[in-house]
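When you get a sec, could you build the whole thing from the sequences and use the hints?
Now for the letters of each chain:
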Amino acid sequence: MASALHIRLHPLPTLLLVAGLAVLPVVLTAVDQPFYIVLASRVLIYALIASSLNLLIGYGGMVSLGHACFIGAGAYTAAVMVRAGADIAWLTWPAAALAGAALAAMIGVVALRTRGVYFIMITLAFAQMAYYVVVSLRVLGGDDGLTLPHRARYGFGLDPGSDTVFYWAVLVVVLLLMTGMRQLLNAPLGRALQAIRDNDTRMEAIGFPVFRIQLAGFVIAGAAAGLGGGMLADLNQQVSPSLLHWTQSGTLMVMVILGGAGRFLGGVLGAAALLLAQELFSDVTTHTALGIGLVLLAVVLFAPAGLAGLWRQVAR
Amino acid sequence: MLETEGLTIRFGGHAAVDGVSCAFHPGTLTAIVGPNGAGKTTYFNLISGQLAATAGRVRLKGRDITALAAPRRAQLGLGRAFQLTNLFPNLTALENVRLAVQARSGRTLDLLSRAARHQDLTDQAMAHLKAVALADRAGAISATLAHGDQRKLEVAILLALEPDVFMFDEPTAGMSVDDVPAVLDVIAAIKARGDKTILLVEHKMDVVRSLSDRIVVLHHGRLVADGPPAEVIHSDVVREAYLGGAAESDHG
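In order, the protein sequence lines correspond to chains A and B.
Here the first sequence stands for residues 1 to 316, numbered as in my numbering.
Here the second sequence stands for residues 1 to 252, numbered as in my numbering.
A couple of the hints might just be wrong.
Between beta-carbon pairs, the in silico distance windows are [to be verified]: (1) A:P11 with B:S113: 18 to 28 Å; (2) A:L296 with B:A69: 38 to 48 Å; (3) B:L76 with A:G85: 52 to 62 Å; (4) B:L76 with A:L296: 46 to 56 Å; (5) A:T147 with B:T54: 58 to 68 Å; (6) B:A55 with A:G180: 46 to 56 Å; (7) A:L15 with B:S113: 23 to 33 Å; (8) A:Q183 with B:A192: 35 to 45 Å.
Keep in mind the hints are simulated off the structure, nothing from the lab.
Virtual Cβ for every residue (Gly too), placed ideally from N, Cα, C.
Structural data, given as structure tokens:
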């Protein structure tokens, strides 16, 4: 029976995309543009983070303007661990995810008792509180943040200094998490999350624990954002309070709207489009924000389902 | 058995439901009637937990459920259909019902399996759609259904919850005459099972007369009459409640 919610990924295009992403660093090295491997890693990490926000906004109807604080929680956790010598990526990244999840649980317990614009404001307020806590803590480097002496190691004889190895490690993690997100959305919990977005009073009336389901979604998204933060710490080999600033949350929201809120690849496309546009136009002009603003305006007016929806609009 | 004791809610100084004490028994269909604004839907909301009572108690099967939230009450067997159509607009009719089946099955926090693969849930949902003569529209997005079909879907969701107490709030409101019998047949079938407690808010007196075993009259939030249909319909207090209400609105 047809389902309005089931997410299908066509095997051939998916396989081609994954294969393309896997060989990308080899190609970039061959054409002598290794700088873009780092950019591609950044795109992948933000694709994951924006997808986690898409889970909240697009699928859960929870419009959070505080997502950056989970990135910060993960990034600082990973940074502190690497500096303390616990520098194994398979430890720092899960720890970063846990930190994001823990912070999300604390914020979610309070914020999810509100709805609509109050939810937006309260998530923003919590994130700004986290921002000022980090800025004022000398042990976390205050305004300057922390630098990492090196990236976390992977073991298996892999070179932690290699951008290509880092890219592949990130790719594996991001692909696993996107698979997990698809599984979640197709599972009963994901269905319930989307139904709550549609009609939360009715979900309560038929006996779903709405608060607990939303909290579960919020914590999962926080964990994914925290993991993204942990990978960002390795990528930049430094962390700073700007990771937690509310403008970062705003940028993530732009990515989700641009890519398509409530579309499976919305976060991925939005992150890729925004970061590549910034990269492209920053060579030409310093006023990239204006150009991006115009593009966003066009998307909202002419393609309300974002880039992911545009595909379908054009195909029709 | 469902029981309310001195159930009251005040909005500011206004008591929308005012000290209503009433017991409802399995195998009985009780119609709740009264003029517009009498507090019928508010009374329903207090029982099902959409609103919190200012005073009084709600008991289900002897258990005090006054402090419980709506989802808990639903799990304990209180099933509520809504007066204003209250569906999941972006989901198909089948998915609307399947959610209710899923709630009933307790698989609410499951994130490892696939919703679409739970054939048993789908089959049960389909059976409930058949019961309200909506099986042929199973794949339609519920927002696109005709009004009468949406009302039927509302009833199918309630059936899927398999509650002990069925609360229907004007189930045939705004339906075309062709659609009404299907819904009334469903209610009659639930009643025929003999073990369900049914509450029905309804304006159409012919429906009330044909289905109900008992009529409770609310007026200005108070319970003003309670008894067998034949007695209550012709009682002075009902005449006054309805005609008095009509006279008031003529002046206003």
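These are the hints, each one checked on the structure:
1. Range check, A:P11 to B:S113: about 21 Å between beta-carbon atoms, so the 18 to 28 Å window is met.
2. For A:L296 paired with B:A69, a C-beta distance near 40 Å keeps the hint of 38 to 48 Å intact.
3. With their beta carbons about 54 Å apart, B:L76 and A:G85 fall inside the hinted range of 52 to 62 Å.
4. Hint check: B:L76 to A:L296, Cβ distance near 48 Å, so the stated range 46 to 56 Å holds.
5. A hinted range of 58 to 68 Å for the beta carbons of A:T147 and B:T54 is consistent with their spacing of about 60 Å.
6. The hinted range of 46 to 56 Å is satisfied by B:A55 and A:G180, whose Cβ atoms lie roughly 49 Å apart.
7. Range check, A:L15 to B:S113: about 25 Å between beta-carbon atoms, so the 23 to 33 Å window is met.
8. Restraint check, A:Q183 to B:A192: a C-beta distance of roughly 43 Å satisfies the suggested window 35 to 45 Å.
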